[in-house]
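Here the protein sequences come in this chain order: D and S.
Read in the working numbering, the first sequence has 235 at position 231, and its numbers run on one by one without any break.
Read in the working numbering, the second sequence has 276 at position 272, and its numbers run on one by one without any break.
Check before you lean on any hint, since a few could be wrong.
Straight-line Cα separation of at most 27 angstroms, DSS-like style, residue types lysine-lysine; simulated pairs [claimed, not checked]:
(1) Lys275/S x Lys275/D
(2) Lys275/D x Lys31/D
(3) Lys275/S x Lys31/S
(4) Lys31/D x Lys202/D
(5) Lys31/D x Lys128/D
(6) Lys128/S x Lys31/S
(7) Lys202/S x Lys31/S
(8) Lys275/D x Lys31/S
(9) Lys31/D x Lys31/S
(10) Lys31/D x Lys275/S
No lab work stands behind these hints, which were simulated from the structure alone.
Protein chains: 2
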Amino acid sequence: MTSSVDCIVPSILDIHRAAERIVGWAKQTPVMTSQGLDRLSGAQIYFKCENFQRTGSFKMRGASNAILQIPDALCERGVVTHSSGNHAAALACAAQRRGIPAYIVMPHNAPLAKRETAAGYGAKIELCDPTMAAREEAWRRVHAATNATLVHPYDDSAVIAGQGTAALELLMEAPDLEAIIAPVSGGGLLSGTAIAAKATLPNIQVFGAEPEMADDATRSFRSGQLEPLLSSNTIADGLRATLCQRTLNIILAHVDDLQTVSETQIIEATKLIWRYLKIVAEPSGAVPLALVLAQPSRFAGRRVGLIVSGGNLDLERLPWQM
Amino acid sequence: MTSSVDCIVPSILDIHRAAERIVGWAKQTPVMTSQGLDRLSGAQIYFKCENFQRTGSFKMRGASNAILQIPDALCERGVVTHSSGNHAAALACAAQRRGIPAYIVMPHNAPLAKRETAAGYGAKIELCDPTMAAREEAWRRVHAATNATLVHPYDDSAVIAGQGTAALELLMEAPDLEAIIAPVSGGGLLSGTAIAAKATLPNIQVFGAEPEMADDATRSFRSGQLEPLLSSNTIADGLRATLCQRTLNIILAHVDDLQTVSETQIIEATKLIWRYLKIVAEPSGAVPLALVLAQPSRFAGRRVGLIVSGGNLDLERLPWQM
Chain D
5 MTSSVDCIVP SILDIHRAAE RIVGWAKQTP VMTSQGLDRL SGAQIYFKCE NFQRTGSFKM
65 RGASNAILQI PDALCERGVV THSSGNHAAA LACAAQRRGI PAYIVMPHNA PLAKRETAAG
125 YGAKIELCDP TMAAREEAWR RVHAATNATL VHPYDDSAVI AGQGTAALEL LMEAPDLEAI
185 IAPVSGGGLL SGTAIAAKAT LPNIQVFGAE PEMADDATRS FRSGQLEPLL SSNTIADGLR
245 ATLCQRTLNI ILAHVDDLQT VSETQIIEAT KLIWRYLKIV AEPSGAVPLA LVLAQPSRFA
305 GRRVGLIVSG GNLDLERLPW QM
Chain S
5 MTSSVDCIVP SILDIHRAAE RIVGWAKQTP VMTSQGLDRL SGAQIYFKCE NFQRTGSFKM
65 RGASNAILQI PDALCERGVV THSSGNHAAA LACAAQRRGI PAYIVMPHNA PLAKRETAAG
125 YGAKIELCDP TMAAREEAWR RVHAATNATL VHPYDDSAVI AGQGTAALEL LMEAPDLEAI
185 IAPVSGGGLL SGTAIAAKAT LPNIQVFGAE PEMADDATRS FRSGQLEPLL SSNTIADGLR
245 ATLCQRTLNI ILAHVDDLQT VSETQIIEAT KLIWRYLKIV AEPSGAVPLA LVLAQPSRFA
305 GRRVGLIVSG GNLDLERLPW QM
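Only chain D is shown next, with the shape it has when bound in the complex (with noise of 0.2 angstroms):
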């Protein structure tokens, strides 16, 4: 319960262990590039659509790794967590294929398609507010009464492994980047994209882009120490959580440059996701493009990839129509 005390953090090698054991959990999702998004970033793109990952994000790569570790004698207890969303999708749907029960802690504000689909994987859900305090308290309550293991969003060594096999794939099929980029929220996939990436290609610059409505990553990263979170009302909303002190060391130590966008930015990343590639991506995967969009002057000319990290939202509410 008390994992962030305990800093293990994951070496490469644990990244390719991850890669192998789930193999047939998480699929390799396609490298995507769009001429039309080159000419009007000035860059060389690189899209790994994690939007195609099972349950529709990343985060079926750290709950698989995370849920295929837990010993035989613990399973019937089965795994609880807190998560905007996409991680409980993906806890569900590991746990259920492990065949072990799944408690899941969620923001009352979490998108609905979200909670929909980790009660579609036959998770139990319970409400909460949406702050992290009130998240933590309510995963606790429900752990004292099951005793089921904690598989945390990201404060978590196997999950931040996990996560990092995405960058590993993008750098098999596209093993001249010269910048990588991840959205940040509470920082576990720019963990294991920084530990992939610094560890595959020494001399590659690995970024984390975040909104400005939930920058507490961008501000620690400054200041070299957790910042608390002030506001989370990004239409992001896959990147509502904080830092942990875990992935903030993770981050000091391989990440070259934290940036935020804005809203705006997000928004039009987004349509211009869906109108070029053709693909459904959520504003937290579009935020790497925003960035690339808003900085020409660091990314124009490069080649860069960028991880969008999923592709759950409401159809009915999109992201320009709110």
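Using the hints, position chain S against chain D.
For chain S alone, coordinates are given in the frame of chain D:
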């Protein structure tokens, strides 16, 4: 100019030649599957994703195959066509690539996104009323002024052969299909699909799927002669054209059945494709899935290939928001 008088129809050899000819011009698009949609339909569905095709629809196949066969001596005069949008963009793109002028007659109710796309490839756009008569009159006028070569959107053997390459690719990836369904408008895609499928797998069943609101092809198939289009106010804006004698002949010879689906079924199928496959398909491209879902007695338990014909639409006005 009297292309429907010489009713040349392509053979399977023409389709194989087209496949070789258009390499580098049209893409080999992915075939996708979805456990969720298989569960929902009871069928085992293979989606040929022409929304990922260059210019966003299968039309790039036929347009490229036609443009590549224009003699050098005629190139300077350019090409002319009429189209509700996707053929226009494809012809404009292929013409630009070959370095020849393109003149496009387009109904004024074509989606703005489609108009902009064609114009973006340097085509000269001429708007007309949304009737077949107005279209014909307008392109004849352009033809008289320019002497440009007509590349009809479907009444053209080279175009039909090009469209058939999508089914050829689909059957290479899913060689044990029991049925294949294409949307039908002017009948070019369905004709090419039927010739390719029946020559490759003689026992496969080939179906055309058409909006109830533009059901001329289904009525023509039943009566054995060209029936007029009585209305074309369907949300599937790519399916508002009518068969010609050439495509009717092919369809009567090679297609097992044509069936219609309602507007509600089309909209629901479009949303399901977005939600489960995480791809942007236009309503026309969802018409085959609408048919599978509408007729479980015909398709459940079978391996069915669907041509998702394109992914171009105004993202500001989604089908389920109109």
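Now the hints, each set against the structure:
1. Lys275/S x Lys275/D: holds (17 angstroms)
2. Lys275/D x Lys31/D: holds (25 angstroms)
3. Lys275/S x Lys31/S: Distance ~25 angstroms between Lys275/S and Lys31/S Cα, so the pair holds.
4. Lys31/D x Lys202/D: holds (23 angstroms)
5. Lys31/D x Lys128/D: At roughly 25 angstroms apart (the allowed maximum being 27 angstroms), Lys128/D and Lys31/D satisfy the hint.
6. Lys128/S x Lys31/S: Holds, at about 25 angstroms.
7. Lys202/S x Lys31/S: Roughly 23 angstroms separates the two Cα atoms, so the pair holds.
8. Lys275/D x Lys31/S: holds (23 angstroms)
9. Lys31/D x Lys31/S: holds (23 angstroms)
10. Lys31/D x Lys275/S: holds (23 angstroms)
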